[in-house]
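Number of protein chains: 2
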Amino acid sequence: MRFMTTPDHAAETPAESTGVAAQDWDRASADPQYRAAVVDLLGALAYGELAAFERLAEDAKLAPTLADKAALAKMASAEFHHFERLRDRLAAIGAEPTESMQPFVAALDGFHRQTAPSDWLEGLVKAYVGDSIASDFYREVAARLDRDTRALVLAVLDDTGHAGFAIEKVRAAIDADPRVGGRLALWARRLMGEALSQSQRVVAERDALSTMLVGGVADGFDLAEVGRMFSRITEAHTKRMAALGLAA
Amino acid sequence: MRFMTTPDHAAETPAESTGVAAQDWDRASADPQYRAAVVDLLGALAYGELAAFERLAEDAKLAPTLADKAALAKMASAEFHHFERLRDRLAAIGAEPTESMQPFVAALDGFHRQTAPSDWLEGLVKAYVGDSIASDFYREVAARLDRDTRALVLAVLDDTGHAGFAIEKVRAAIDADPRVGGRLALWARRLMGEALSQSQRVVAERDALSTMLVGGVADGFDLAEVGRMFSRITEAHTKRMAALGLAA
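Those sequence lines, one after another, are chains A and B. With the first letter of the first sequence counted as 1, position 232 gets the number 232 in UniProt numbering; the numbers rise by one all the way through. With the first letter of the second sequence counted as 1, position 105 gets the number 105 in UniProt numbering; the numbers rise by one all the way through.
Chain A with its partners taken away, still in its complex shape (with noise of 0.2 Å):
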C-alpha cells in the first residue's frame, strides 16, 4: 500500500518514445557513454539496495514488539532481493558489479551515518522517506532509458512501497503526542537535506551518469530539467510529510 505517491505515472509510459527510450539495450549500448552511466546507476542502486538493507536489519532492533521487528526485516529482505536482481543485471551485461558498486559506497555510507536513527520512530520515518524518494527517483529515471534497463527498474519499483505500514505506526505516536510530530519533522527535513547533499556529491564525480541526467546522451533533458526533477522529488516529499503530519 503506498499512502501518496508521484501522481504523474507519465514517465513509466512516455508518450513518445524516441531516442534512447526506443531502443533496446543492445541497441543503446552500441554508445560506451551510454552504456557506462547505466552501469553507474545500475551501480548506484545496487549498492543502495544492499546499504538499505543493512540499515533496516539494524533498525530492526529498535523495535518494540516482534510483529514490528518482522515487518521492518521483511522490507530489508525485499531491499536485498532488489540488489539481487540489479546485481544480476550488472553480471549479465558484463560489468563486475562490485567494481560498479564501488564508487557509489562513500555517498550511501555517508547519508546512512549521518542518518542513523536514534529510536524506533526516526527509523520508520527514514524508511518510508527512503522508499518513497527511491521510488520517485526510479520512475523519473526510467524514461530515460533503454527498454530492457527500463523494464528492470520499474519491476524493482513495482515491488516496493513495503513502507506503507510506518505511516500508521507514525500518525498513531503523533496522535498520541503531537510533540511527537515537530521532532520527526525536523528528522524528515534532515533525512532530504541529506539525500540531496549526497546525491549533488554523486552527480559532481561521476561524469557519465551525470550526462546522461542532464541530456548529453539521452532525450535531449537538458541542466534545467535535472533541476525540475528534482524540485519534483522535493516537492512530492514535502506533501508526503504534510499529509503525514509532518509540516514544518
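Some clues are possibly wrong.
You can't tell identical chains apart in this list, so a pair holds if it fits in one copy or across any two.
[As the list claims (entries may be wrong)] Below, in silico cross-link-like pairs of lysine-lysine (DSS-like), each with a Cα-Cα straight-line distance of 30 Å or less: (1) K74 to K169; (2) K169 to K61; (3) K74 to K61.
Since the hints were made in silico from the structure, they are not lab data.
With chain A's structure known, arrange chain B on it following the hints.
Structure of chain B alone, referenced to chain A:
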C-alpha cells in the same frame, strides 16, 4: 553446498512410521499436549530464524568486501524467509505467532548477546556452526513430528546450507596464518557451549516441548534418547570443526 552433514538421513523417512509420525496434523493435534509442543517448537524455530536474520545482517557490516557483504546478506535474507514460513504455519494452525515466539526470546537473545562476533572470521564461523546445528536439530526433531509439520520442517531444512561459502573463507584464513585456527577453535567451542546452555534453559522451562522430546506424547523416546540426540549433534559439530582445521 554442505561441507559435511549428518550422514544418517533415516530421520527424514522413518523406517516404521508409527504413532504421531504416521499421523497428519489434524489427527495428531487432537492431543492438546502434542499441539502445545508443536506450537512451542514452531515458535522457537521462528524466533530463532528472526534472530539469526538480525545477527547475520549485523555481521554483514564486518565484511571485508562488497561480495562478502552480499553473501552474508543473502544468508540473512534466507533466514527471514524461513521465519515467514514458520510464522505463517503458526497462524494457519490458529496460534498467535508473536505469543508463540515470546517464550524463546530471552534464551535466543541471550545466546546472541553472549556470542557477538568480534570480527569477520568469528562471524563466518558462527554462521556456519549455527546453520549446521540448526540443520542437525531440524533433522533429528523431524522424526518426532506428524506428517504435515515434518514436511514444513524438512522444507525449511532443505533450504539451508548457505553457509558453505564460509568454509572456504575460514580455511583460506587458517592457511594464511595457522594461529587463526587456534583462536577460532576456542570460539567454536564457546558457541557450542553457549548453545547447549541456552537449550537446557529452554528445555527446563517449556514442559510441552520437553515432554515431546523425551517421548511423553510421541514415539516412545526416553530421556536417554534425548541425551543421545544432543550427543549426536555435538559429535557432528566436533567432526565438522576438525575437518575445518579447528580441532582442539
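Now the hints, each set against the structure:
1. For the homomeric pair K74 and K169, the shortest alpha-carbon distances inside one copy (16 Å) and between copies (28 Å) are both at most 30 Å.
2. Taking CA atoms no more than 30 Å apart as the test, K169 paired with K61 passes in both settings, with 16 Å inside one copy and 28 Å between copies.
3. In this homomeric assembly, K74 and K61 come within 30 Å of each other (Cα to Cα) both inside a single copy, at 13 Å, and across copies, at 19 Å.
Going down the numbered hints, you'll see the structure goes against none, and every one checks out.
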